[in-house]
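A.B. asks: Residue numbers (the numbering used here), protein chains in the order written: chain A, 1 to 730; chain B, 731 to 1055.
A hint or two may mislead.
Residues on chain B that point at chain A, a partial pick, calculated with CB under 10 Å [unchecked claim]: (1) Asn-761; (2) Val-766; (3) His-770; (4) Leu-771; (5) Gly-772; (6) Tyr-775; (7) Phe-868; (8) Ala-870; (9) Gln-897; (10) Leu-903; (11) Glu-917; (12) Glu-964.
What follows is a set of in silico ranges between Cβ atoms, one per label pair, in the way DEER data are often shown [said to hold, decoys possible]: (13) Val-820/B - Gln-225/A: 50 to 56 Å; (14) Phe-821/B - Pro-320/A: 40 to 46 Å; (15) Pro-716/A - Val-760/B: 54 to 60 Å; (16) Trp-542/A - Val-760/B: 25 to 31 Å.
It is worth saying that the hints were derived from the structure and are not from the lab. Don't be surprised by glycine CBs; every beta carbon is placed ideally from N, CA and C.
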Amino acid sequence: MNSIHFITNPTPVRFIRRCGLSRLWGSVAALVLLAGCGDSWNDPRGENLGSGSVLYASFSDRPQFMDPARSYTTTSYSFIQQIYEPPLAYHYLKRPYELMPLSAARMPEVLYLDGQGNELPPGVPAEEAAYTEYQVEIKPGILYQPHPALARREDGSYRYHDLAEADLESVNALADFTQTGSRELVAEDFVYQIKRLADPRRHCPIAGIIAEYVEGFAEFQAHIQNTEGVPMDLRGLSMSGVESLSRYRYRVRLKGTYPQFIYWLAMPFFAPMPWEADVFHEQPGMAQRNLTLHWYPIGTGPYMLTENNPNLRMVLERNPNFRGQPYPEEGEPGDEGQGYLDDRGRTMPFIDRAVFSLEKESIPRWSKFLQGYYDLSGIGSDSFDQAIEYGGGGEVGLTDAMEEKGIVLRTAVDLTVFYMGFNMLDPVVGGYGERSRLLRRAISIAVDYEENISIFTNGRGIPAQGPLPPQIFGVREGEAGINPYVYRWEDGKAVRRSIEEARELMRRAGYQNGIDQETGKPLVLYFEAVGAGPDAKASLNWLRKQFAKLDIQLVIRATDYNRFRAKMRKGTGQIFQWGWHADYPDPENFLFLLYGPNAQVDTNGPNSANYKNPEYDALFSQMKNIPNGERRQQIIDRMMEILRRDAPWSWGFHPVSYILSHQWVHNNKPTTMSYNTLKYRRIDTESRAAALQEWNRPTVWPIWAGLGVLVLLILPALIGFLRRERERGR
Amino acid sequence: MIAYIIRRALYAIPILIGVNLLTFMLFFVVNSPEEVARLHLGDKYTTQEQVEAWKQEHGYDKPLLYNPEAAGLDSLTDTIFYTKSVRLFVFDFGNSDSGRNIGHDIRQRMWPSLAIAVPSLILGLLLNATLALMLAFFRASYLDVGGVVLCVILMSISSLFYIIGGQYLVGKLLQLVPISGYDTGFEAAKFLILPVIISVIYGIGSGTRWYRTLFLEEISKDYVRTARAKGLSEQWVLFRHVLRNALIPILTGVVVILPLLFMGSLITESFFGIPGLGSYTIDAIQRQDFSIVRAMVFLGTVLYILGLLLTDISYTLADPRIRLR
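Just chain B, same shape as in the assembly (with noise of 0.2 Å):
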């Protein structure tokens, strides 16, 4: 296992190589380092020699990918790109245009992204399993039916319905919790029960109809038929056999978002004044903060790789017949 884990890792390298080359290729197509540095400085007043200035403190000064001026390898290392990349490979992440310390700000930012990402997924895995478990049960009578027409329903809203019409109707009509915001410590639980509630209430539709499909395509195997024959209850069949053999695709798609959850969501963190990664990754592209979203996309595409490793390696656990080489 161990050697597959390292040749996985190898292979990370040319893919983050390409995510942040295109990266630097599409802010850069958008934006000269001319004007990101007049962005930072404002409208009024700057003169060329500031802006000149700003580029050299902050390695604009030099050309984009390919430097002709420079002889051998320093045509490529003596670049924005290659000045702006390497250290990205230890994870210092340095400073954001501004001057804010990237790595620091990231520390602090993950926490608020974990306490909603978290429960949203626990509750939402055990809420979506459970309902797509009585689905299975009451297969082809009026409540599968009913609850699957239901989640269909759910899945057509919007996500921004969920969060205005729950914003008015809980924190705004009937006063239960604050409309938005955030605090540290103990404080944060009642800023963080509206947006999970709304998180948890987004995933079931999909969440369920899936689980359902999943729960569905087990209960038709012959080793549950088996295990019916055999007299089991119908509670044993589900819980003990149909849920255990259904864990893997389930698997796969929780532990490969788990990475993720660092990452926050961009929508419920803006909507609810949570101060986590998805915030801050919209404000540096709002503020056109090019280190930022160079390290964000770049922590981004780490966490996803981890997340498909990991994924690997949840199938040997989950299923001792797959074997990792």
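Just chain A, same shape as in the assembly (with noise of 0.2 Å):
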């Protein structure tokens, strides 16, 4: 640090000579020593973990939960997701997204039963079941990580599961503990952890939905809650809907139909958990050193958490009790083309150390991927210029700049929608009367999606033609997919319709160039802005604008987001905007946020317009149960006409995401549903190596310029000095 302070401090002569310029210079040498420890000087990555193929990312947000009982963000589920392993999992490179056995050994069993718990006969349809089995076998052999709390003495008892409160004073990580041990997994780890779901004290976000469906899942919480003292360690309690058949096999059954069950086991809520974790984790002074299932999970996945830093870096490496897995041998077609079955065949995972670093603010991100030092990046609207370019038909392009580097570019549509929605309970623009209908059809032509996309995401979206994005099955490709209340089909391609349309529909509401004719009184709307800093107020004025294109007034009620969670709630509000990322890809999971029995209003449901339509309910509960075919093609089709005339929401667009990565990552395939990417990268670690050296070559002149300017500024000062240190002398 003292070499800083040489460097800029114009020192007083004496002080100069006292040290000496040979001190200076070696401060100086010190200095670029000390910087350009390792191949270059700018280097962010730790020296100690760069060896064997190792993957560099950053993350923006720290995970908060790790605990599979808790997580549900995309945060914590890019952490959770290489090291836990649910039942089942989906294909990395089909599409649409495809589900495969994962820990189970093959796709679950289904079984219909009666009242009675007896098979129900052939033939008779599913919808009747009283109730629904899923039976699944997982697969033998399959061993957790080596972990402190599997660990074990000769005699067989548990390490660790006895600590005291002095056993614990040099423990700060898990690390700190020196033996550890595995075992395998088995079925009952699995009853496990669905029993850990349903305990209150876990705050498990799906307990409640989980509860409508798992037999016993509400009992087994009220027992627990209503019960003083119930120990972590939930062995001892039995719930009746899930029990274990076997080693390797268990059953979890469910009240009624629940066809959509199938996808939850894909998720890591129902990843197995062995009891020795909590006992391990549960031990006084555990939870002081912050030595909980939130921050340390334990798994059978190709990966472990090895440095758990949320505020700096998070390391995962290759669990080496991971038993393999053959990369897939088929994909999508064009999958050929684009390398993502070079390695078909070959046992995952490639990669033997990923680093996450913490990194808040997008510039600096950026400036790291650009060197070389992150692998993979997202695109911040700051840089976009910098990375994609149109062509003159509007294709998605990399710059000159990115493809000198080498730089891949995939796009991906997200299952998720974002929608203005319109609070049917309002007596303005709710309600299912012409009058109201009219009005929200107008204002969904006039809010023009194609311009916001443009202005405000680069691009980045398509417009919605209903609640279900792309790739979720019941969309229809061409016409016959589009909004028609909305858009006409011109020369094979959706075009809105004018604005001369949308305010001929104004007129017939009775709101003729945004007068309502009952009142005579201008049309004023509001709309529930949540946040009004000077990112949403470009937003907001242009939204502003496009109502105003009616001669509507809309006045913005700027709020926080939980203030406007109340207000959704009790459904105060008017007009806003909101959006829902699947939890699965199943069109259930899009057409309930417009269920009936889920308004917010009602049942602090999804469903945020409180949209309530006995048809449309009617033809959801029919949806719901069947599997995906002709028929339920034919009630989605019915049902995206009912929304589309109804308008309950604008339907704003689905967001596409734009992933770069460098040359040297290989099987980097987008995906939006599944996290459990890792192990099925692989990263050309001399490539890598020979690019890093070329693009991060220090520039030091500077530095001697610097020192020069320095000196050519101090010696005037100096020579002033010591001039008037000698006419004072005589």
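Hints given; two lone chains; assemble the complex.
C.D. replies: Listed below in structure tokens is the structure:
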């Protein structure tokens, strides 16, 4: 640190004389050496993290929870899905998304039962079943990662299950426990985890919905809630609907039918948890050291968390006990050409270690990606023009600078919808009469989402024709798939209807030129905005202009997210924007956002528009229980027609993710449903090392130039000082 | 002096209660415990029962400041404010709303904050004092005027410009140091160079101008004239007389911020990815984690009061004429 002082400090002459110039230059050299540890001076990667095949990436929000019973955010999932293995997973390459066994030996066996628990005779429709039973057989021989919770003494007892406070004095992290152990995964671990989901002390976010379906789940919750002193180790309690049938087989019994349950089996909520982990972490003194399951996952997956410092860095390392898994043999058309099948059949994982660094600000993150220190990156709006350019036909491409670096762009439509909703309880924009319906449709035409996508997301989105994103069953292609109330089909593409048509709808609704014909007053509508900062302001001004096309005065009621949610729960908002990201790739997971019994005002459900249409609700009940096929498609078609006609939402858009990766990253297929992608990726480390060396040569001459300027600045002062001293001496 | 320190410590208690009450009220004006619970539990599928269970587990199931259903003193003590505040006075910060031990986090995260703040303070102090002495020496010359103008320019530039500009120039263009990041042990050094240099440069304008004013005030005093009249060299006058006597206001400024060095820099830590207490506080505000916000505000207040006390004590050391009673 002293060296900095010497460089920038115009030090008094006597001090320089005392220290000597050689010391000054020595200190400068020390600075140079200090900064230059390693191959490149600006290398931010830890030296001890660099051996083997390592992937470097960043994260901007620290994962809040990593206990699979609690975790429900994309940030957490990007870590824990490399560690925990639920019974099922999504195929990495196939689209539409397809489930496949992960820790299960095969897809679950589904049994439909009558009220007495007997299997329904052949020919009886599944919808008539009183119970549905999922029997899951898991692969034998799967081992947990090495973990101190599983360490045993020679006599077979657990090494760290009876710790005293004194034993933890020198312990600050899991790595401070010197011994680890492992054991085989058994079906009872899956059963144990489902009991954990029901434990109110775990605050499982999906406990409410699971309690509706899994037999005995609600009773199990109530028992723990109403009983004092239930231990965190739940082995002693049983749940009637969940049972281990053998060492490698368990069953989950649901009330009625719920075909979407199979998708939940691909989420970490249903990943196995060894009871030993709870016993280990619940010991006195563990929580005070933040040694909890929220921070130290224990799984059977290809990776384990070896460094857990969410304020700085998270490091995943290859689990030495992982059994290995073959890379997919097949994908969707086009995968072969893009090199996604180059590693077919090879044993995964390919990467030894993944280092995720906390990077809160977009500018340093982007700069480090361009320097090659991060292998992957998204594109922030401030760097979009630097990375992306559009061709004459609107096709997306990389700029020349990106092409020169060999950066690769992948895009994927997210299974997400951002929409503008109308509160159907509102006396002006809500209701099911023709007047309010025409008003909503006119607004839907006027709010130009093509323009919105172009201005506010740099073109990264596609206008929505309904609640269902592409790649979800039920979405029609081409003319059959457009919303005819907002678009018309012209020259093979959807074209937004004109503002004149919207004005005509306004006239028919009794709001000609924005004047309520009944009262003679201008039509004033209210938009519930979350935040009104500089970023939001531009978007809100744009929205105001869209309504102004119809002479509607839009009043922005800005608030914070908490109060916005409170308004939504009370049903006091009028027009609002919100979004939904799929839990699973089934139309039910989007269409239930407009299902009457899910109205937010009544049940705090996800139907924030409080839309209730008896015909739609009846069709939804049918649709959700039948498999994909022509009958389901016909029902969805009818549901879409009802929704488009009633227009409880202006359908908004589906965002498109742009992912950049360096040329040395292979098998980087974008996916928005599954996060267990690390094991598929491969890094060409030699190619990366060469590129890093070429891209990160330090430019030293400005240091010397700066020092020269400094000397030139100091010199006159020094001369002046000496002259004055001499004059004083005379 | 001991009586003085005890009296100041007793004065601190109502200040701490007041600050804590203010923080509490500001936080819960915009967030009800219900909303805090929903924020932590997530938007999807959260039931009212889960919200109530979360509030109960985290102590948010009581009235905020006054419990009309309780009798006597319990009406004040059986409240969120009392139960959340009282432990702070023995520095038991408890757990954050997401379950992490706050004391443990603070102990871990204060070191990176100090790693930036301490060298920045020392280097800044030395550099600013040296530059100010030089300007004072060349007072009323072109060098002095140019230096003051340069200081004003440096003061007028936003700290964000220094940070982003520094990262761009030194980290991205010249590739001399990492743009951002941090590491433990000696590996941390290369990550600290840029933020420390930027912190020092950012402080030159205001620091040098302030110290220059102090030095000029001292230079114009009679004892300096006397010293010159005795034939002492100008450097002797400056370093032995002027500098020493100008130390009191400098000490006031420095000692008062010494305890606050623990609290870190919000912006610098965020941009440079330094896992210190500044970014800890920012994260907590963004996550609406009241337990951390409350603990950090309380800690900041205690440290500030401590800083003022240390300043008073340092007066007695710097100036023998001052006595604390």
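A.B. asks: If you take the shortest Cβ to Cβ gap from His-770/B to chain A, is it below 10 Å?
C.D. replies: 8 Å, holds
A.B. asks: Answer holds if the nearest beta-carbon of chain A is closer than 10 Å to that of Gly-772/B; otherwise answer violated.
C.D. replies: 5 Å, holds
A.B. asks: Is the interface hint for Ala-870/B satisfied, with its Cβ closer than 10 Å to some Cβ of chain A?
C.D. replies: Violated, about 13 Å.
A.B. asks: Go ahead and decide if the range 54 to 60 Å is satisfied by the Cβ distance of Pro-716/A to Val-760/B.
C.D. replies: Since the Cβ atoms of Pro-716/A and Val-760/B sit about 57 Å apart, the hinted range of 54 to 60 Å holds.
A.B. asks: How about Glu-917/B: closest beta carbon in chain A under 10 Å, or not?
C.D. replies: 6 Å, holds
A.B. asks: Using Cβ atoms only, decide whether Leu-771/B comes closer than 10 Å to chain A, and label the hint accordingly.
C.D. replies: Where the cut-off is 10 Å and the nearest Cβ of chain A is about 6 Å from Leu-771/B, the hint holds.
A.B. asks: Taking the least C-beta to C-beta distance, is Tyr-775/B closer than 10 Å to chain A?
C.D. replies: 5 Å, holds
A.B. asks: Holds or violated: is the Cβ of Asn-761/B closer than 10 Å to a Cβ in chain A?
C.D. replies: At about 6 Å, which falls below the 10 Å cut-off, the nearest Cβ of chain A leaves the hint on Asn-761/B intact, so it holds.
A.B. asks: May I ask you to test the interface hint for Val-766/B with respect to chain A, counting a Cβ-Cβ separation under 10 Å as satisfied?
C.D. replies: This hint holds: Val-766/B lies near chain A, its Cβ roughly 8 Å from the closest one there, short of 10 Å.
A.B. asks: Does the Cβ pair Val-820/B, Gln-225/A satisfy 50 to 56 Å?
C.D. replies: 32 Å, violated
A.B. asks: Double-check Glu-964/B for me: the hint is only fine if its C-beta lies closer than 10 Å to a C-beta in chain A.
C.D. replies: Holds: closest Cβ of chain A sits about 6 Å from Glu-964/B, inside 10 Å.
A.B. asks: Lying within 40 to 46 Å: is that true of the beta-carbon distance Phe-821/B to Pro-320/A?
C.D. replies: The hinted range 40 to 46 Å holds for Phe-821/B and Pro-320/A, with Cβ atoms some 42 Å apart.
Checked against the numbered hints given earlier, this structure breaks hints 8, 13; the rest are met.
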